[in-house]
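Enquirer: The lines below spell out each chain.
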Amino acid sequence: MNTSVKKRSMAAEVWQRLCRNKMAMLGLGILVIMILGAIFADVIADYDTMVVAQDMKNRLQGPSAEHWFGTDEFGRDIFARILHGSRVSLVVGLISVSVSLIIGGSLGAFAGFYGGRVDNVIMRIMDIFLAVPSILLAMTIVAALGTDLIYVMLAIGVSGVPTYARIVRAAVMSVKDQEFVESARAIGASSPTIIFREILPNCMAPIIVQATLSVAGAILSTASLSFIGLGVQPPAPEWGAMLSSGRSYLRDAMHITLFPGLAIVITILALNLLGDGLRDALDPRLKQ
Amino acid sequence: MHKYVIKRLLMLIPVILGVSFLVFFIMSLSPGDPARTILGENAPQESVDALRDELGLNDPVVVQYARYMGDLLHGDLGESYKSGRPVFGEIASRFPATLKLAFWGMVFAVVLSIPIGIISATKQYSITDSISMVFALLGVATPNFWLGLMLIIAFSLHLRWFPSGGADAGWKSLVLPVITLGTGCMANITRTTRSSMLEVIRQDYIRTAKAKGVSHNKVINRHALKNALIPVVTVIGLQFGSLLGGAVLTEAVFAWPGIGTFLVNSIKAKDTPAVLGCVIVFSICFSIVNLCVDLLYAYIDPRIKSKYK
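Protein chains in written order, with numbering that gives the first Met the number 0: chain A, 0 to 287; chain B, 0 to 308.
Worth flagging that the hints you see were computed from the coordinates, not collected in a lab.
It is possible that some hints are incorrect.
Taking beta-carbon pairs under 8 Å as the criterion, some of the chain B residues facing chain A (in silico) [unchecked claim]:
(1) G17
(2) V22
(3) I25
(4) M26
(5) V133
(6) L136
(7) L150
(8) I151
(9) L248
(10) V274
No residue lacks a Cβ here, since even glycine has one placed at the ideal position from N, Cα and C.
Isolated chain A, as found in the complex (with noise of 0.2 Å):
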C-alpha cells in the first residue's frame, strides 16, 4: 500500500516537474498531435484515394487550399502521404527501440549483475556491434534480409542494442551492492527476479531519457535508409523516401522535398525537447 503511493506521489512528482518545463510540453504537445494525426489518418485521408492512387493530371501542383502541402510527381496529396507516412515512422520508432531495449538491457542487466566472465564476454561482444557505425550496421542487416518493414525494424532494433547494454549495465552496476537487493537475496529470490523485479524499476530514469532519445533516432535512421533506397519501398508512404523521389524535382517541385524533410524536423525536434525534458524531471541534480 505504501509503496504503491510512494510510486504514484514519484510519477507525480517527475510529471509536475515536466510540466513546468515549458520546451518539454511543447514536444509532447508536438508529440500528441503527431500520434493523433497517425491515429486518425484514415479518417482524414483515405488511403486508397490519395495516399498510393495516381492523378497523372494533378501531378507536381504546389500548395493549394485543396492540396495543403502539394502534390508529387504521380499527383498524389503530400498532406496525406506526410500524414501516413507518419504512421511508419512512429511505429518503427517505437518498435525498434523495443527490440533494443529488451535485448540490450537483458544482456546489459546479466552483465552488470553477475559481472566477471558473464560481463566480460557480454560486453566485449557489444564492443564488437560498438566498432561499426550504427546506420553501416542497419544497412547491412537489411541489404541482407530484405527491406520489409519488420527487418527494416529489426536492423534499427539490433543496431542501438550495444547503447542499451551499456547503459542498463551501468545502472545496475549502480545499484545492485544496495540494501534492497541484499533484502531480496536474503529471502531467497532468484537472480532473474532480483534484476527484473527489484534492480531494473529502480534504475529505469536513464533508460527511459535514452529510450525518448532512441525513437527520434529510429525515425532518423528508418528515413535514412529509404532515402537511399533500402528501407520502405515505394508507393508506402516514407518520408525518407518521398524525400529521395522528390530529388529529380528539385529545381520545379521543391516542395516535394520540403515538407518530408520538414516532418522529419519536427518529431525529432519534438522528441529531443521531451527526452532533455525528461532527463531533467527525473534527475533534477542534472538540471542544477
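For this one, chain A is given, so just place chain B on it according to the hints.
Expert: Relative to chain A, chain B alone:
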C-alpha cells in the same frame, strides 16, 4: 604510455575479427546467389554452378569465413563480384575522397561548435545563448541528407554559387557536402561544450582565479576550457562514428566519389566482398579514432595519464 598504445592497437585485432565475422555472417543470410549476380539472370545453370564451386560458395559459412580471413591477413580483401577488380584497390582509390570529406566535416564542426558553446555558457540566458541553442537543437534534429538537398536548392540551383554534386570543382565542390556532414556534429558538440563549461565555471577554483584578479579571457581559456574538454572530446570521438555513417548519406546526396557511394551500390548489388571490405575499413577508422580520443584524454587530464603508466 607506449605499452598502453601497443595494447590498444593489439585490441584492434579481435575487434576486426569480430566485425568481419559479424558482417560475413549477416551477408551470408542474404537470399540472393552471388554467382547468379556476377553472371547475370540469363546465364546457364551449369556456368552458375561452376562459378559457385570456383568461388567456394558451396562450402559452409565458417569455411568461407576462414578462407576470407586467411586472405585478409595477406592484405587481400577479395574481388568485387560486380566489377571483378580487387576490393582493396576499389576502396583505396575512393578512401581519400571520404577521408577528405570526413576530415573537413569534423574541422567545420569543431571550429564552430567549441567557440559557440563557450560563448553560450559564459553568456547563459542571453540572446546569443538562446539563438545558438535553438540552432543547436535544429542541427541535431535535421537529417543531413535533407539539409544537403535544401543547400543544393539554395546555393546550387538558385544562387549558383556551388556545384550540386561531384568533386570536380576543387574546394567549391567540398563546401556544401562539408556543411551537410558537419552540421549535426556541430550541434551536438555545441550542446556538450555549453553544458560542460557551465559545470566548470561554477567550480570554486574558477571563483578563486577570478577573485585573484585573473582576466575573464584567461580564466575561460586557461582555467575552465581545458577542464571542460573531457566530455567534449568524448562527444567528438562518438560523433566520428555518426560522421562516417553520415558520409554514406552525404555522398549519396552529392554523388561524392567516396567509399559511401561504393558501399551503397555494393549493398544493392549484393556484392559481399565489397560490403565486407568497406565495413571493415570504416570500423578500423572508427576504432583508431576512439584510440586517439583515449590518448587525447591523457593530454588533457594528467590524472588520466598517470593511470596509463
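Enquirer: Against which earlier hints does the structure fall short, listed by number upward?
Expert: When the structure is compared with the hints, numbers 5 and 7 turn out to be violated.
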